[in-house]
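Go ahead and model the full structure; you've got the sequences and the hints to work with.
Protein chains: 2
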Amino acid sequence: MLRWGIIGAGGVAKRRTIPGIIKAKGARLRAVMVRDIERAESIARKFEAEAWYDRAEGVLEDPEVDVVHVATPVYLHREFVLGAAEAGKHVLCEKPMALNSAEAEEMVEACRRAGVVLMLAFVLRFHPGIRALREILNELGELVLARVQLLKYAPRRPGEWRLDPRLSGGGVLMDIGSHALDLLSFLFGEVEEVWAQVGNRRFSWPVEDTAHVGLKFAGGGFGEAFVSFGVPGMGKFLEVYGTKGSAFVEAESPHTQGWRITYGGKVVEVPPADLYREIAEHLARVVGGEEEPLVPGEAGWYNMKVLEGAYMSAKEGRKVPISSLPVA
Amino acid sequence: MLRWGIIGAGGVAKRRTIPGIIKAKGARLRAVMVRDIERAESIARKFEAEAWYDRAEGVLEDPEVDVVHVATPVYLHREFVLGAAEAGKHVLCEKPMALNSAEAEEMVEACRRAGVVLMLAFVLRFHPGIRALREILNELGELVLARVQLLKYAPRRPGEWRLDPRLSGGGVLMDIGSHALDLLSFLFGEVEEVWAQVGNRRFSWPVEDTAHVGLKFAGGGFGEAFVSFGVPGMGKFLEVYGTKGSAFVEAESPHTQGWRITYGGKVVEVPPADLYREIAEHLARVVGGEEEPLVPGEAGWYNMKVLEGAYMSAKEGRKVPISSLPVA
Numbered sequence: 001m002l003r004w005g006i007i008g009a010g011g012v013a014k015r016r017t018i019p020g021i022i023k024a025k026g027a028r029l030r031a032v033m034v035r036d037i038e039r040a041e042s043i044a045r046k047f048e049a050e051a052w053y054d055r056a057e058g059v060l061e062d063p064e065v066d067v068v069h070v071a072t073p074v075y076l077h078r079e080f081v082l083g084a085a086e087a088g089k090h091v092l093c094e095k096p097m098a099l100n101s102a103e104a105e106e107m108v109e110a111c112r113r114a115g116v117v118l119m120l121a122f123v124l125r126f127h128p129g130i131r132a133l134r135e136i137l138n139e140l141g142e143l144v145l146a147r148v149q150l151l152k153y154a155p156r157r158p159g160e161w162r163l164d165p166r167l168s169g170g171g172v173l174m175d176i177g178s179h180a181l182d183l184l185s186f187l188f189g190e191v192e193e194v195w196a197q198v199g200n201r202r203f204s205w206p207v208e209d210t211a212h213v214g215l216k217f218a219g220g221g222f223g224e225a226f227v228s229f230g231v232p233g234m235g236k237f238l239e240v241y242g243t244k245g246s247a248f249v250e251a252e253s254p255h256t257q258g259w260r261i262t263y264g265g266k267v268v269e270v271p272p273a274d275l276y277r278e279i280a281e282h283l284a285r286v287v288g289g290e291e292e293p294l295v296p297g298e299a300g301w302y303n304m305k306v307l308e309g310a311y312m313s314a315k316e317g318r319k320v321p322i323s324s325l326p327v328a
Numbered sequence: 001m002l003r004w005g006i007i008g009a010g011g012v013a014k015r016r017t018i019p020g021i022i023k024a025k026g027a028r029l030r031a032v033m034v035r036d037i038e039r040a041e042s043i044a045r046k047f048e049a050e051a052w053y054d055r056a057e058g059v060l061e062d063p064e065v066d067v068v069h070v071a072t073p074v075y076l077h078r079e080f081v082l083g084a085a086e087a088g089k090h091v092l093c094e095k096p097m098a099l100n101s102a103e104a105e106e107m108v109e110a111c112r113r114a115g116v117v118l119m120l121a122f123v124l125r126f127h128p129g130i131r132a133l134r135e136i137l138n139e140l141g142e143l144v145l146a147r148v149q150l151l152k153y154a155p156r157r158p159g160e161w162r163l164d165p166r167l168s169g170g171g172v173l174m175d176i177g178s179h180a181l182d183l184l185s186f187l188f189g190e191v192e193e194v195w196a197q198v199g200n201r202r203f204s205w206p207v208e209d210t211a212h213v214g215l216k217f218a219g220g221g222f223g224e225a226f227v228s229f230g231v232p233g234m235g236k237f238l239e240v241y242g243t244k245g246s247a248f249v250e251a252e253s254p255h256t257q258g259w260r261i262t263y264g265g266k267v268v269e270v271p272p273a274d275l276y277r278e279i280a281e282h283l284a285r286v287v288g289g290e291e292e293p294l295v296p297g298e299a300g301w302y303n304m305k306v307l308e309g310a311y312m313s314a315k316e317g318r319k320v321p322i323s324s325l326p327v328a
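For the protein sequence lines, the chains are A and B, in the order given.
So in this note's numbering, spot 62 of the first sequence is number 62, and the numbers just go up one at a time.
So in this note's numbering, spot 87 of the second sequence is number 87, and the numbers just go up one at a time.
Don't take every hint at face value.
No copy labels: a pair is met if it fits in one copy or bridges any two.
Taking lysine-lysine and the DSS-like style, the derived pairs with C-alpha atoms no more than 25 angstroms apart in a straight line are [to be verified]: (1) Lys216 x Lys244; (2) Lys216 x Lys315; (3) Lys266 x Lys152; (4) Lys244 x Lys152; (5) Lys152 x Lys14; (6) Lys23 x Lys46.
Calculated from the structure, these hints are not laboratory results.
Take a look at the structure:
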């Protein structure tokens, strides 16, 4: 039984992560932390956690926490992942992994040295639609273009940390773009080069609200991620065009809903799953030595390299070879 | 009544252009030219043309030809458009306009000096779906991304001129990509910069079978053209994502079929039109001084600049500002 401690238990953690974890076999909620102690207590009572804290150190020093979920603003991921590793606790880190790939590498190395499991919360990898999709992909011939689009209208409160690039590392590309790029490299492998254009089409934020990213996969096909917080709704979120046919995956909310996959006149309806429950159960099996991690720290690090390349491309107006990025 | 002469009357001209022209009000087929005189005669008899030739000069020197349709392989467009201008004949030139933008400029200048009308056969501009679409675009808010995809499985005979870059100027990007890029600049205006990746995913041709092009419009939104001869079918060919909503246009063959436009839960079915008939009738009105040309030579020239920028981007791995291209 893994005992979980949540650092940053408000927001998405409260709405989606914790409800998933407490349903998971092999998982139990031990502690929650948010900066307001009364809110921490209220969240703890709601989900029947035994302990609550208003400082991350409370979770990191709690001897009854086995695994820490780091769900803070991005700029704090590094500090708390390193802290968890030092405390000998396993980690599930939210996406994007860090402010940049150098931080991500440091986090991977720290967990490796400490002998703790580090996983990234790219929960789309756990959607049952992935298995159905992989079978269909085998029928599509050579990849020509795979594109992921994640679009929603997402206004922000002034002063929100997501709008401060020093705290978030960037806008929509870091936020949901990280999911889009992870899904593409998960399905189609190594990225050889990336180009990108980013901009603000709906909101006058200090970070981008829209990003349009092109990829060339090492396997030869092209990829694309189109993400925006200024477009209300998206229809298809994944399209795969191959030399023998194409497949389309629809879900207005790919994380929480079932996927409708259409290809060659056929339709496959894949029911939804509780993806945080899935990842929590998987993590228990990984810690138990039964499975290899499906989203190891290296996946988050790689994702940061592609994100970094995309921002570099947008800034410098050139395609950026991913392999040429400094590894440290 | 405009009397038409067709240079390069085989292929698409025979299948689509001539059948449209002979139905057009204000148009009459005077002469056809293909390199085989027996085939020329057969085409002339089929469409009731009075004259047939096996050399382009036959059409250019025919005093009863008022307007020349140049439908040859791309590398001959310049020569025959200049010849038509010199002979004082109006011109409808097939796409792409020329091998490069320098040729296109020369063609525009020659027709301007000769006082003849030069139009490009970007016939999608004449589809009745355009009018319906423009009204819908007004409801979508600010443009975030507009993408056109034109996809088909199109094997070629070895030795076909389209496969020789000296004769065609390039592969799928020059061929149907020119339509995609023209449609985007027609609907969304000036292109500020372009990036592109091109490749061969299905065929081992000396020209690309797939191209993935990104645009930034001077108006601020993003654009995309995805074209391939290696993907069987396409579904939607135009998608417009705006800050207030999105619109999708479906037609497996946008030139010959009706358009199904969906947006905000509504569906508009626009019936097809004979686009070559439309452009021939329009050209008669332009020559008669009743209308301004909807696809002037300058549109073809601009299209060549964007195409040239896209190839340059793919080769050099950088975004190419369109305004910086040499005009000559």
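Results for each hint:
1. Lys216 x Lys244: within (20 angstroms within a copy, 31 angstroms between copies)
2. Lys216 x Lys315: This pair counts as both: shortest intra-copy Cα distance 19 angstroms, inter-copy 14 angstroms.
3. Lys266 x Lys152: Between copies only: 20 angstroms across chains, 28 angstroms inside a chain, cut-off 25 angstroms.
4. Lys244 x Lys152: between (32 angstroms within a copy, 11 angstroms between copies)
5. Lys152 x Lys14: within (21 angstroms within a copy, 47 angstroms between copies)
6. Lys23 x Lys46: Result: close within a single copy only, 14 angstroms intra versus 75 angstroms inter.
Checked against the numbered hints above, the structure breaks none of them.
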